[in-house]
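Trainee: Listed below, chain by chain, are the residues.
There are 4 protein chains.
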Amino acid sequence: MTSFDRIVPVLDRLAIEVPSWAYGNSGTRFKVFATPGTPRTPQEKIADAAKVHELTGLAPTVALHIPWDKVDDYAALRSFAQDHGVDLGTINSNTFQDDVYKLGSLTHRDPAVRRRAIDHHLECIEIMGRTGSRDLKIWLADGTNYPGQGDIRARQDWLHESLTEIYAHLGDEQRMVLEYKFFEPAFYHTDVPDWGTSYAHVNALGDKAFVCLDTGHHAPGTNIEFIVAQLLRLGKLGSFDFNSRFYADDDLIVGAADPFQLFRILAEVARGGGLDEGSPVALMLDQCHNIEDKIPGQIRSVLNVQETVAKVLLLDREALTAAQDAGDVLAAHQVVMDAFWTDVRPLLAAYREAKGLPADPMTAYAASGYQQRIAAERVGGTQASWGA
Amino acid sequence: MTSFDRIVPVLDRLAIEVPSWAYGNSGTRFKVFATPGTPRTPQEKIADAAKVHELTGLAPTVALHIPWDKVDDYAALRSFAQDHGVDLGTINSNTFQDDVYKLGSLTHRDPAVRRRAIDHHLECIEIMGRTGSRDLKIWLADGTNYPGQGDIRARQDWLHESLTEIYAHLGDEQRMVLEYKFFEPAFYHTDVPDWGTSYAHVNALGDKAFVCLDTGHHAPGTNIEFIVAQLLRLGKLGSFDFNSRFYADDDLIVGAADPFQLFRILAEVARGGGLDEGSPVALMLDQCHNIEDKIPGQIRSVLNVQETVAKVLLLDREALTAAQDAGDVLAAHQVVMDAFWTDVRPLLAAYREAKGLPADPMTAYAASGYQQRIAAERVGGTQASWGA
Amino acid sequence: MTSFDRIVPVLDRLAIEVPSWAYGNSGTRFKVFATPGTPRTPQEKIADAAKVHELTGLAPTVALHIPWDKVDDYAALRSFAQDHGVDLGTINSNTFQDDVYKLGSLTHRDPAVRRRAIDHHLECIEIMGRTGSRDLKIWLADGTNYPGQGDIRARQDWLHESLTEIYAHLGDEQRMVLEYKFFEPAFYHTDVPDWGTSYAHVNALGDKAFVCLDTGHHAPGTNIEFIVAQLLRLGKLGSFDFNSRFYADDDLIVGAADPFQLFRILAEVARGGGLDEGSPVALMLDQCHNIEDKIPGQIRSVLNVQETVAKVLLLDREALTAAQDAGDVLAAHQVVMDAFWTDVRPLLAAYREAKGLPADPMTAYAASGYQQRIAAERVGGTQASWGA
Amino acid sequence: MTSFDRIVPVLDRLAIEVPSWAYGNSGTRFKVFATPGTPRTPQEKIADAAKVHELTGLAPTVALHIPWDKVDDYAALRSFAQDHGVDLGTINSNTFQDDVYKLGSLTHRDPAVRRRAIDHHLECIEIMGRTGSRDLKIWLADGTNYPGQGDIRARQDWLHESLTEIYAHLGDEQRMVLEYKFFEPAFYHTDVPDWGTSYAHVNALGDKAFVCLDTGHHAPGTNIEFIVAQLLRLGKLGSFDFNSRFYADDDLIVGAADPFQLFRILAEVARGGGLDEGSPVALMLDQCHNIEDKIPGQIRSVLNVQETVAKVLLLDREALTAAQDAGDVLAAHQVVMDAFWTDVRPLLAAYREAKGLPADPMTAYAASGYQQRIAAERVGGTQASWGA
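Chains as they are written, first to last, in the working numbering: chain E, 4 to 391; chain G, 4 to 391; chain P, 4 to 391; chain H, 4 to 391.
Hints listed in this document are in silico derivations from the structure and should not be mistaken for laboratory results.
Since we're looking at a predicted model, the values are computed, not measured.
Hints are not guaranteed to be accurate.
One copy or any two copies: either way a pair holds, since identical chains are not told apart in the list.
Here are the simulated DSSO-like cross-link-like pairs (lysine-lysine), alpha carbons at most 30 angstroms apart as the crow flies [said to hold, decoys possible]:
(1) 358 / 73
(2) 105 / 34
(3) 34 / 73
(4) 358 / 211
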């Protein structure tokens with residue numbers, strides 16, 4: 004049994020959720036560029052996501068964003084997804100695009116606004132029942148732009164109250180994951196800016212509340228793998244939003260900006276049991292394909308995660324432990340780098356072929372004619388984007 | 004003669020250009036909030052800008068953005084402005100919102116795209132002739148999101164070629180100011196990311212080319228006042244875009260995030276002759292009032308600059324020099340802090356009244372009924388925003 | 004009763020602990036500059052600290068660093084301090100200068116090294132009994148320089164074990180404060196890098212364990228006042244190490260780099276009850292006077308804190324609340340800035356004189372001849388520094 | 004001819020200078036750990052450096068630091084080096100460890116101090132004549148810790164004067180390389196903080212002056228490969244100081260913190276002709292082996308550079324150009340990543356063996372017994388460190 008054979012079971016259960024909104028247009032405050040073939044409906048987004056799964060075997064579920072993916076009949080949407088070979092996943096709430104939320108949502112000073120934001124989450128939970136989703140993901144844009152604008156301290160208390168009410172409505176098999184973000188769209192203070200804040204809140208809520216770690220949402224220089232190790236130790240790492248960054252929340256393809264960081268993050272996930280059977284850690288993408296094609300952008304992304312997981316699994320932990328025991332700094336570092344530099348691409352190509360998947364999903368997609376087909380078919384209507 | 008009397012002549016000639024787009028809506032990639040009374044035309048933007056000048060005496064010119072402020076008759080627009088008590092100022096080009104510029108403009112690989120971007124700038128120069136503007140400001144969104152996407156080196160050469168052609172069309176009394184920006188909207192590399200790059204280009208162009216320093220466009224921790232001192236020393240500081248930031252290019256009200264930094268920046272401007280009669284340094288605002296009211300946001304901003312300039316001018320340079328000569332670190336620092344902590348607000352209120360201006364322009368604006376009037380009158384049409 | 008009169012009781016109980024090591028030499032890895040008059044013994048350090056208190060009334064206690072301040076008779080040291088008008092304060096442990104700690108102390112892989120580090124802390128607790136100190140402050144240099152060097156996850160578990168044993172030895176009136184630091188001296192990972200980690204540990208320990216917040220120990224752009232608000236809300240803010248920074252852990256004079264940040268931090272301290280009678284929040288300096296004179300450097304520092312506290316206390320909270328209630332972003336921000344710009348220096352000079360203190364402690368120190376006297380008297384011996 | 008064969012000529016001339024001080028002890032301001040076998044003399048440092056070259060064939064020259072490596076007879080030192088198979092390289096000046104330089108050296112307010120600092124550099128040039136060195140490297144610790152402490156603007160003028168005098172003494176075949184550093188040991192402003200400043204100065208000096216780029220000396224998030232491309236374009240990239248960093252100037256092993264960044268940097272070096280025959284770009288290490296063994300730390304480092312250069316040379320530039328021409332963002336990025344992920348280790352092992360070098364220099368060093376021998380022999384005396 005080669006070392007690659009030994010990691011196959013983990014690769015076999017590797018699943019990376021893709022978000023419906025990744026298939027719509029995205030951009031910066033300066034410009035959102037449109038591309039031919041962009042979906043106009045939740046169904047078209049799901050069809051695109053299903054294509055990613057068909058070619059990679061890595062993306063069996065699709066996350067929805069409410070209200071962007073609102074439909075009249077969620078059971079029908081679920082059937083649609085299943086007919087396309089995927090299932091519906093995490094429900095993401097949205098309290099940052101209504102005018103009423105200009106100064107906050109779950110943390111707003113005005114109880115009426117908080118009420119409305121809470122109700123939106125209760126509606127999301129209801130949808131989860133119909134879509135069969137396990138996770139409610141809450142990312143809050145709440146924060147302030149100027150010192151004095153809000154009462155930082157009181158907002159934490161309001162947040163706790165709001166989350167407590169939402170949490171109380173979760174079903175037995177449902178979870179809440181609370182995402183943190185360093186800054187943006189608020190530019191002075193953010194109400195859930197770091198893992199410590201998210202942890203303090205989910206810890207106060209109970210066993211069904213977890214932290215969601217978005218890899219792009221940290222201060223410059225933050226050691227993210229440390230946070231991964233810590234949250235796994237505390238039993239509170241619920242999910243990842245994968246992407247990569249050079250500067251801020253750049254939302255680039257996961258692994259594109261710093262592949263070694265992705266490796267270190269996934270190494271701590273593995274070290275802490277996050278890739279074990281039954282692990283509570285859900286892996287998801289959350290990126291913006293501002294200038295690159297969306298479907299191949301998603302394919303590239305899940306492949307990057309798969310390749311990195313393979314490297315991590317090939318890490319010689321015995322040799323690593325031995326070097327650590329010996330206090331041999333260079334030797335221990337070398338063991339890590341040996342795994343990182345292992346070229347797993349041919350191994351994974353063979354693995355894919357053995358599973359009836361294309362050896363190179365990127366080439367297979369380009370050859371599939373899918374892009375040309377959707378560009379030709381999806382004419383008229385409004386292309387999906389943030390907010391639609 | 005009090006020390007305040009001595010600084011009056013400098014205060015008298017203090018002029019801070021305001022941008023037309025500050026009066027339109029702005030926001031983040033997540034949401035642009037609208038407000039009642041937002042201008043729908045260049046004329047309405049100019050009227051709002053004129054109100055700022057009327058109440059503060061600080062903002063005699065308005066910068067335009069092409070194509071956002073395109074009109075058929077620029078001479079008429081200029082008359083309109085002058086009738087309102089202000090003049091037209093810097094012309095800002097825009098090569099970041101056409102689909103053709105998705106992968107670059109003046110640095111684009113394709114000569115046809117570069118041609119189009121150059122032609123846009125030549126059109127801007129033509130407009131400058133009609134508006135009586137001295138400065139053409141170039142900020143480029145050009146850059147790449149992924150390593151490999153572009154040829155970083157070749158793009159510099161293309162940029163040089165493009166700028167050379169544009170520069171050749173400048174009139175004798177016209178200038179080009181080249182702005183740099185650390186990142187965004189490009190997330191891997193930016194073609195003019197730092198002062199060194201802008202300086203290298205304007206230095207190669209000639210005497211009519213200068214650097215534009217936007218206070219929000221730097222890496223974390225950058226000592227901006229050092230750059231100010233250096234560029235003044237090199238004779239290449241052409242203009243400022245004022246705003247403030249906690250994280251990235253937050254575009255908050257100038258002086259709001261770090262008032263001491265603004266003080267240090269303006270102290271180096273003064274030290275280097277940038278407030279002297281005939282100085283080449285143009286002061287301008289470039290901010291985003293995402294959540295606060297726009298007109299009072301601009302009033303607050305020019306007041307912040309005025310207050311800080313007053314503090315800087317009150318700095319006891321003799322005492323500072325003496326402490327520096329003595330190598331007394333704490334004493335020298337104290338001289339600086341004494342100026343910073345001086346409460347110039349009452350002095351400036353009296354100064355304003357002596358000039359027939361309201362002592363407190365913020366209160367005067369609130370009392371003027373202007374906001375209510377424009378909210379009532381400006382109904383229908385499309386509110387101005389980035390891109391309109 | 005003026006608004007200043009109203010804040011006098013808080014000013015009267017304002018106490019800022021000074022560290023013994025601030026009076027010794029400090030520097031960078033490149034060079035430690037020596038200065039005449041630098042103390043050679045714990046007693047001389049205490050005498051210098053007492054001078055700061057004599058002139059300001061602000062620094063009634065002196066923190067010690069073990070082993071730097073080891074003496075045979077702590078009761079005698081305490082009497083010495085009290086004879087000089089100050090008392091002994093926080094005991095700081097040190098596990099970063101013995102060769103055995105090269106790869107860690109309380110987190111070291113080898114139980115024998117952890118044993119030794121734990122024993123050092125038990126010795127510190129013993130010393131606390133003799134000095135009458137309430138707080139044991141733990142700052143750990145533990146971390147790694149290269150990925151793979153250590154087992155990040157296991158080290159957290161070892162840390163928990165070590166702290167648990169130390170905590171068990173605390174007396175009823177004693178506390179442990181656990182400091183966090185973003186990086187340095189470890190350059191890849193640090194075992195207690197952020198407030199979340201410190202909070203998770205002290206939370207697991209019990210009611211006598213708190214977080215110590217060093218204002219210089221954060222990632223670039225971190226909103227420190229948010230952490231203050233959060234930790235106060237969670238009941239776990241135990242103490243501050245004050246200093247300031249432009250880049251990393253620069254250890255400059257508190258308030259020197261960003262006075263507005265210090266204001267915002269202290270505003271949240273006040274908002275959260277941290278300046279109330281009986282507050283658990285201890286204020287301390289922890290700075291490096293690398294190039295400036297140490298005693299006036301400390302005087303300047305406690306004055307900066309006092310001035311900023313006065314500004315914070317003068318903040319018109321009713322007006323602030325009203326503006327927040329109205330959702331008036333600019334008005335709320337203005338209330339904060341009005342407090343910040345208030346020139347409290349004359350008020351505090353009068354306050355000091357009313358208490359029999361010099362109006363200007365900096366001038367008083369310069370005029371006292373103390374510096375000249377210690378420079379003349381303290382000849383020979385080894386000047387105190389880190390490590391001595 | 005395989006693609007590897009094609010790159011052999013470049014690999015054959017790859018030379019990475021090692022610094023004498025890398026073999027001495029280094030550390031942080033908190034602690035410098037000593038290790039058995041550390042050199043006590045320049046000769047012992049050179050012997051260690053020669054061992055690195057013997058095992059790797061990559062490090063033919065050794066940089067010296069004056070005064071750390073001062074000897075009476077430099078001709079003899081050169082012969083000593085040549086007898087050991089290496090040559091002497093860059094001379095590094097030092098103006099940061101004398102008390103007189105506390106407030107600056109080449110930028111000091113006092114002409115007498117500037118005189119002394121200039122004279123030190125003239126002495127360095129004299130030494131260069133005797134050691135046969137081409138390059139004088141100037142890194143200045145000059146800067147200030149507090150706003151007001153120094154006159155930022157005047158210091159630039161003094162710097163220019165000082166450099167002009169030093170430059171005038173360079174021989175025809177000699178060069179000056181001016182290093183920049185973002186911060187540390189100065190914590191408010193640094194006199195040569197960025198590439199723009201270094202470029203402005205060397206540009207004003209003349210053809211024999213170049214910029215030295217230390218990979219650790221940048222603000223967070225800085226795109227270093229862009230600077231490389233720009234300086235090569237401007238003809239002013241003289242040399243590299245290689246190391247790596249997570250936070251500040253961590254001085255870790257090159258390629259350890261972000262191997263993809265090193266790849267991108269070297270890709271731009273190659274793109275700009277920096278690896279061509281006769282290129283002006285000198286490659287050097289400048290690291291701190293605070294906790295790891297020094298000699299294997301240096302071996303690891305030159306191997307990291309060699310491996311990365313091999314990857315860069317294997318980059319398929321035709322395919323890259325084609326993808327860029329097509330505007331295919333993902334395809335272009337993929338070409339870059341394909342080179343990065345190529346496992347060059349077996350190819351390089353074979354290459355080394357073909358040249359009579361050990362296939363694995365790390366293992367060869369461990370097996371050589373050299374470390375044990377120097378640990379046994381180098382007993383007594385003072386171990387070299389910064390400052391000795």
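Trainee: Just pull the numbers of the violated hints for me, sorted ascending.
Mentor: 1, 4
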